[in-house]
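S.K.: This is what each chain is made of:
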Amino acid sequence: MKFATEYLWFNTEKKREYINITDTVEGIVSKSGVQEGMVLVSAMHITASVYVNDAESGLIQDIDDWLEELAPFKEDYRHHRTGETNGDAHLKNLIMHHEVIVPITEGRLDLGPWQQIYYAEFDGRRRKRVIVKVMGE
Amino acid sequence: MKFATEYLWFNTEKKREYINITDTVEGIVSKSGVQEGMVLVSAMHITASVYVNDAESGLIQDIDDWLEELAPFKEDYRHHRTGETNGDAHLKNLIMHHEVIVPITEGRLDLGPWQQIYYAEFDGRRRKRVIVKVMGE
Amino acid sequence: MKFATEYLWFNTEKKREYINITDTVEGIVSKSGVQEGMVLVSAMHITASVYVNDAESGLIQDIDDWLEELAPFKEDYRHHRTGETNGDAHLKNLIMHHEVIVPITEGRLDLGPWQQIYYAEFDGRRRKRVIVKVMGE
Chain A
1233 MKFATEYLWF NTEKKREYIN ITDTVEGIVS KSGVQEGMVL VSAMHITASV
1283 YVNDAESGLI QDIDDWLEEL APFKEDYRHH RTGETNGDAH LKNLIMHHEV
1333 IVPITEGRLD LGPWQQIYYA EFDGRRRKRV IVKVMGE
Chain B
1233 MKFATEYLWF NTEKKREYIN ITDTVEGIVS KSGVQEGMVL VSAMHITASV
1283 YVNDAESGLI QDIDDWLEEL APFKEDYRHH RTGETNGDAH LKNLIMHHEV
1333 IVPITEGRLD LGPWQQIYYA EFDGRRRKRV IVKVMGE
Chain C
1233 MKFATEYLWF NTEKKREYIN ITDTVEGIVS KSGVQEGMVL VSAMHITASV
1283 YVNDAESGLI QDIDDWLEEL APFKEDYRHH RTGETNGDAH LKNLIMHHEV
1333 IVPITEGRLD LGPWQQIYYA EFDGRRRKRV IVKVMGE
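Here the protein sequences come in this chain order: A, B and C. Take 1233 as the starting number for the first sequence in this note's numbering and just add one per residue. Take 1233 as the starting number for the second sequence in this note's numbering and just add one per residue. Take 1233 as the starting number for the third sequence in this note's numbering and just add one per residue.
Next up, chain A with everything else stripped away, as it sits in the complex (with noise of 0.2 Å):
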């Protein structure tokens, strides 16, 4: 049984951004060695995903209006009596989730021809991780 456990960092420009680390996940699948198992992607933050879907810009606006329709910025959540003003974020993290699980197949990772690991961020520009965990033989 291999084991493999790397840690990404971003710290994004923008308040919200939609990054691709699919070669990056890639990569730590292809050093780790493991021909057979599964690599876990997951967000150490409650303000940021990680998500598989399409690598098209068109699209990553549209997920981008939705998430705002869906869970708005506002001023009135009860969380920003703590002095936060990111409650949107904590919800649009949870419509997206923080985490994939990726199957590894013959040492690549198993995804569909248009599936891409993103990672998601909604209350940037400070330093956020990401935990890359793989599992197998």
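No lab work stands behind these hints: they were computed from the structure. Just to be clear, a hint being listed does not mean it is correct.
[What the hints assert, rightly or not] Subject to a maximum C-alpha distance of 27 Å in a straight line, what follows is the list of computed DSS-like cross-link-like pairs (lysine-lysine):
#1 B:Lys1263 x C:Lys1234
#2 B:Lys1234 x A:Lys1234
#3 B:Lys1234 x C:Lys1263
#4 A:Lys1234 x B:Lys1263
#5 B:Lys1263 x B:Lys1306
#6 B:Lys1234 x A:Lys1263
#7 B:Lys1247 x B:Lys1306
#8 A:Lys1306 x A:Lys1246
#9 C:Lys1234 x A:Lys1263
#10 B:Lys1306 x C:Lys1306
#11 A:Lys1234 x A:Lys1263
#12 A:Lys1306 x B:Lys1306
#13 A:Lys1247 x A:Lys1306
#14 C:Lys1306 x A:Lys1306
#15 C:Lys1246 x C:Lys1306
#16 C:Lys1263 x A:Lys1234
#17 B:Lys1234 x C:Lys1234
#18 B:Lys1246 x B:Lys1306
#19 C:Lys1234 x C:Lys1263
#20 A:Lys1234 x C:Lys1234
#21 C:Lys1306 x C:Lys1234
[Unchecked claim] Here chain B is said to cover these stretches of chain C; the calculated rule only asks that three of the stretch's residues, wherever they fall, bring their Cβ under 8 Å from a Cβ of chain B:
#22 1307 to 1317
#23 1320 to 1329
[Unchecked claim] Stretch-level coverage of chain B by chain A, calculated; a stretch enters the list once three of its residues show a Cβ under 8 Å from a Cβ in chain A:
#24 1233 to 1242
#25 1273 to 1285
#26 1298 to 1310
#27 1322 to 1329
#28 1358 to 1368
Positions of the beta carbon are idealized from the N, C-alpha and C atoms, including for glycine.
Add chains B and C to chain A, keeping to what the hints say.
M.R.: Chains B and C alone, transformed into the frame defined by chain A:
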């Protein structure tokens, strides 16, 4: 450590369809001989989901109506500038997610009494795939 | 390879409740002796969720209000023709998902500083179960 990987193919008649795949997944787990572990069931497309919920036809229609409310078909998604018309299917996929991990205990799917594994198609009438990967001992 | 499986039982006083189970999961991981691996924490019901987010009481009320907006209680879900009245709880479960996988590194849950594991009950006042399955070395 044992691994087993199988791919399920779908080609639905309708654009949106909900297909119970619990018995198929149970069969793959059984054939793998894994007694303790997990099985990953993951759509390999960005316009389809795998989820766990009830096998009740009224509820499935409720889910379908509700997804159409939260992520409606619209002409004017930016994604459609690529020539696609399935922007809504991408967003439905994001709400429902593309994968589940089901625990395996004593050689069986360790699900609650009402939990069933579903493949949800949001952009059908074409060949689509689901990966089932069993991992354990 | 080590496996450990435990079941947590809940019987909430209120219909909807959010319960921090991080310490309980950490205890199960610690007892298992697994140093490297993953723990699956999964609701065994279709009207309850397990999710990761902040242990902040204002935010939890925000989440509850927001779920009621996105997946409201209504009389007229088709699912209610079965005699049930919990259609909304099924939809809330679908937004929030029923499970998380948490990485284990050096014998500890490898969570970010604010990440806490929650059991979310959407149809309480009855006995419900969560499976916790540890897998690793």
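S.K.: So, for every hint listed, does it hold in this structure?
M.R.: Hint check:
For a cut-off of 27 Å, the pair hint linking B:Lys1263 to C:Lys1234 stands: about 22 Å separates their Cα positions. Straight-line distance between C-alpha atoms of B:Lys1234 and A:Lys1234 comes to about 14 Å, which keeps the hinted pair within the 27 Å bound. Simply put, B:Lys1234 and C:Lys1263 have alpha-carbon atoms about 24 Å apart, close enough for the 27 Å limit, and the pair holds. Taking the CA atoms of A:Lys1234 and B:Lys1263, the gap is about 24 Å. The hint holds against a cut of 27 Å.
Of the pairs offered as hints, the one joining B:Lys1263 and B:Lys1306 is violated, with about 44 Å between alpha carbons and a cut-off of 27 Å exceeded. For the hint linking B:Lys1234 to A:Lys1263, the alpha-carbon distance of about 22 Å falls within 27 Å, and the restraint holds. A distance of roughly 15 Å separates the Cα atoms of B:Lys1247 and B:Lys1306; the hinted pair therefore holds under the 27 Å criterion. Restraint check for A:Lys1306 and A:Lys1246: the C-alpha separation of about 18 Å stays at or below 27 Å, so the hint holds.
Taking the CA atoms of C:Lys1234 and A:Lys1263, the gap is about 24 Å. The hint holds against a cut of 27 Å. Annotation: proposed proximity of B:Lys1306 to C:Lys1306 holds, straight-line Cα distance about 26 Å (limit 27 Å). For the suggested pair A:Lys1234 and A:Lys1263, the alpha carbons sit about 11 Å apart, so the restraint of at most 27 Å is met. Distance hint between A:Lys1306 and B:Lys1306 is fulfilled; the C-alpha atoms sit about 26 Å from each other, no more than 27 Å.
For the given pair, A:Lys1247 sits about 15 Å from A:Lys1306 by alpha-carbon distance, which is consistent with the 27 Å threshold. For the suggested pair C:Lys1306 and A:Lys1306, the alpha carbons sit about 26 Å apart, so the restraint of at most 27 Å is met. Distance check on the hinted pair: C:Lys1246 and C:Lys1306 sit about 18 Å apart at the alpha-carbon level, within 27 Å; holds. With a C-alpha separation of about 22 Å, the suggested pairing of C:Lys1263 with A:Lys1234 holds against the 27 Å cut-off.
In summary, the hint linking B:Lys1234 to C:Lys1234 is supported, as the alpha carbons are separated by about 13 Å, within the 27 Å threshold. About 18 Å separates the Cα atoms of B:Lys1246 and B:Lys1306, which keeps this hinted pair within 27 Å; it holds. For the hint linking C:Lys1234 to C:Lys1263, the alpha-carbon distance of about 11 Å falls within 27 Å, and the restraint holds. A C-alpha spacing of about 13 Å is found between A:Lys1234 and C:Lys1234, which places the hinted pair at or below 27 Å, so the restraint holds.
As the CA atoms of C:Lys1306 and C:Lys1234 are separated by approximately 45 Å, the hinted pair breaks the 27 Å bound. For the stretch 1307 to 1317 of chain C, the stated coverage by chain B holds: 6 residues have a C-beta nearer than 8 Å to a C-beta of that chain, and at least 3 were required. A stretch counts as covered by a chain when three or more of its residues have a beta carbon under 8 Å from one of that chain; for the stretch 1320 to 1329 of chain C and chain B the count is 6, and the coverage holds. Requiring three or more residues with a Cβ within less than 8 Å of a Cβ of chain A, the coverage given for the stretch 1233 to 1242 of chain B holds, as 3 such residues are present.
Requiring three or more residues with a Cβ within less than 8 Å of a Cβ of chain A, the coverage given for the stretch 1273 to 1285 of chain B holds, as 5 such residues are present. Counting residues of the stretch 1298 to 1310 of chain B whose beta carbon lies closer than 8 Å to any beta carbon of chain A gives 4, which reaches the threshold of three, so the coverage claim holds. Only when three residues or more bring their CB closer than 8 Å to a CB of chain A does the claim for the stretch 1322 to 1329 of chain B stand; here the count is 6, and the claim holds. With a cut-off of 8 Å between beta carbons, the stretch 1358 to 1368 of chain B has 4 residues touching chain A; three or more are needed, and the interface restraint holds.
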